[in-house]
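*Asks:* As they're listed, the protein sequences go chains A and R.
No gaps in the numbering here: position 185 of the first sequence is 185 in our numbering, and each next residue is one more.
No gaps in the numbering here: position 239 of the second sequence is 239 in our numbering, and each next residue is one more.
Since the hints were made in silico from the structure, they are not lab data.
The C-beta atom is built at its ideal place from N, Cα and C for all residues, glycine as well.
Misleading hints may appear alongside valid ones.
Pair by pair, the computed Cβ-Cβ distance ranges are [claimed, not checked]:
id : chain 1 : residue 1 : chain 2 : residue 2 : range
1  : A       : P52       : R       : I42       : 44 to 52 Å
2  : A       : D166      : R       : K102      : 55 to 63 Å
3  : R       : K276      : A       : S136      : 29 to 37 Å
4  : A       : N37       : R       : E323      : 47 to 55 Å
5  : R       : P383      : A       : T123      : 19 to 27 Å
Which residues of chain A face chain R? A partial, calculated answer using Cβ under 7 Å [as the list claims (entries may be wrong)]:
id : residue
6  : I49
7  : T73
8  : A74
9  : P89
10 : I91
11 : I94
12 : G110
Counterexamples of contact, computed for chain A against chain R with all Cβ distances above 12 Å [to be verified]:
id : residue
13 : E75
14 : L79
15 : Y92
16 : E98
17 : V131
18 : S153
19 : L196
20 : K203
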Amino acid sequence: MLLKIEDLHVEVGDRLLLKGIDLEIGEGETHILFGPNGSGKSSLVMAIIGHPGYKVIDGRIIFKGIDITEKPTAERVKLGIGVVFQNPPKIYGIRLRELINRISGKRERGDDILKLLDRLNITENLLNRHVNVGFSGGEIKRCEIAQALAMNSDFLILDEPDSGVDVENLELIGRELSKVLEKKSALIITHHGYILRYLKPTKAHVMIQGTIICHGDPDQILNQIMREGYRWCEKCRLMRRS
Amino acid sequence: MQVDEEKLRKALSKPAAYGPDLDLSQYSMEAVEQPKVDEEIIERSFEVGVDLRKRGALTTFLQIDHGALYKSVQKQFEGDVELLTIEEAVRKYDWVKELMWKLRSPYEDKYTAFNALHGAGGYFLRILEDRKIHMPIQACFLMFSPGAIQSVHNIIVAEPGSEAQILTGCTSHPKVSRGLHVGITEIYVRSGARLNYTMIHKWNPGFDVRPRTGILVEDAATIIHNYIAIGYVRSFQSQPTARLVGGNSKITMNNVVYLQGSSEMDLGGEVLIEGKGDKAEIITNAVAAERAKIINRGKISCEGEGGKGHISCRGLMLSDSAEISAIPCLVSRRMDSELTHEAAIGRIAEDQLFYLMARGIPREEAESLIVRGFLDLSPMNLPEHLEQGIRRIIDMALQGF
């Protein structure tokens, strides 16, 4: 098993946001995490990558057989976890080129990185700009994905790679991800499921109020959510409880 | 301009409007024998951006203490650029005296008065009409005698339609622990001229520094005025002032400062917009480490039709013992003026730090990357080799941070 999350409870401040998450993702698998706004999807991302503001009060996160629950973020990244953030901060004074060179571990960009940037339509102009400063929605997503791929992580967590992105950008991102995910593992958070047009995920999960309430076939779950909204999941959760 | 000696003597006891007051009797005009340009001096000048190894190739001026030690004009620009000591220029042209003390008053404070009475050295630099000098012109002022006042007066004239990049580096010899540097610089940017003027400072921790810069910008002329200080100073106070007198003229003042130790700096910038459609911008990014104290003032006044001005004061605190003040000031006397400012002081943002760590960069390196990024040189429009050189200076100062 690549990633194994056991009974994970996470607090931010005094608020309990994740209430006993169990999740297993195997090598080469792509999992989808659905859930309404505020259900705790992004909190799970932050807990896996080790944001200091997200405190694990119970449970464990095991990656490649190593308990990473207490490990600093940079170490988790070194082990092979890469995140595509939903709302990355603006970093004034650091150019995208500089950051990509640094995280790809190459002084001079290698051929593969050049090709990657080309496929994601990341222009010289964009590379010369300060990271995320004045970027459009599509540019942010493309640059986030480029960074995650430049790190060459084995496991990618993509938080809403399809939100705030126009059709052309969605297609570009979808095509690139479908190719990359043939060889890697991923956890993809999506609200609308647009990205599923390009991917063939292994399994989907639905998160409601800090717990994962069901697992199943991604297309089936998406169709159900599209038809009835998350109210259906809510009903389902209540039925299971009783 | 004719100066009134009696009035000057009175002004000798007048403190500056800002900054700690200094007792001038604590410094001397005595100088030890001038040193040879050795490796140590070459190395130190290089740290303020002046490459003395290329002094034979680039237009270069070097003054140590009170007298010019070296000056030369790059061969291909002979007849385009005139470089004289200020004393030579006053002897050669009657009108040079008229340009002196026109943009700064000699009676302003004790430092200007001292300079008008006892100043020694400085350069006169003139870019002739329509000449474009695409190689940097470099000047270095180095202080070598212990406890001395170096008090220089520079005049720069960018004649109509000319273009140039001027770099002035001011520094102290590594072995000297105390001294006072007073630099009067009056810059005339004539119609349609474009000037990039960069001043870089590096001082030993016991040095006091009081530059006084005045700038006049005529019709459709542009000046980028950059100031960079990295490291230490005992006290520094300066408020460069500019008047935009023509129409469609433009000034950008960029300040990048990283101070450590017990350094104290009061750095300002003052622009008066008088012409139609003039634009002024004052951008300061200041980092205070250890016990450094930085006051960051900016003032733009607008009297010209449709004038635009913007002040940005950003401060980054690296220690709880440091202090940064931001005091932007806007004055409008026109309904159609557009004046704005932004000021922000804070520590390194946690979300930025986390983001870089999530890219696999360890915390200490991420912090140092953000500080380096904060000291952004790109608005200064420097030649590439100079920007890289200054980056190296910043990297050296940030080592061990």
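*Asks:* It remains to establish, for every hint, whether it holds in the given structure.
*Replies:* Status of the hints after comparison with the structure:
1. A:P52 / R:I42: 44 to 52 Å: 47 Å, holds
2. A:D166 / R:K102: 55 to 63 Å: Distance hint for D166 (chain A), K102 (chain R) holds at roughly 58 Å.
3. R:K276 / A:S136: 29 to 37 Å: Hint holds: Cβ distance 36 Å, inside 29 to 37 Å.
4. A:N37 / R:E323: 47 to 55 Å: For E323 (chain R) against N37 (chain A), whose Cβ atoms are near 42 Å apart, the range 47 to 55 Å is violated.
5. R:P383 / A:T123: 19 to 27 Å: Once the Cβ atoms are compared, 25 Å apart, the range 19 to 27 Å for T123 (chain A) and P383 (chain R) holds.
6. I49: Constraint on I49 (chain A) satisfied, holds at 5 Å.
7. T73: 4 Å, holds
8. A74: Holds: closest Cβ of chain R sits about 5 Å from A74 (chain A), inside 7 Å.
9. P89: 4 Å, holds
10. I91: 5 Å, holds
11. I94: 4 Å, holds
12. G110: 17 Å, violated
13. E75: At about 9 Å from chain R, E75 (chain A) fails to clear the 12 Å cut-off, so the statement is violated.
14. L79: 10 Å, violated
15. Y92: At roughly 6 Å from the nearest Cβ of chain R, Y92 (chain A) sits no farther out than 12 Å, so the non-interface label is violated.
16. E98: 8 Å, violated
17. V131: 8 Å, violated
18. S153: 9 Å, violated
19. L196: L196 (chain A) is indeed farther than 12 Å from all Cβ atoms of chain R, at 25 Å.
20. K203: 25 Å, holds
In this structure, the earlier hints numbered 4, 12, 13, 14, 15, 16, 17, 18 are contradicted, and the remaining ones agree with it.
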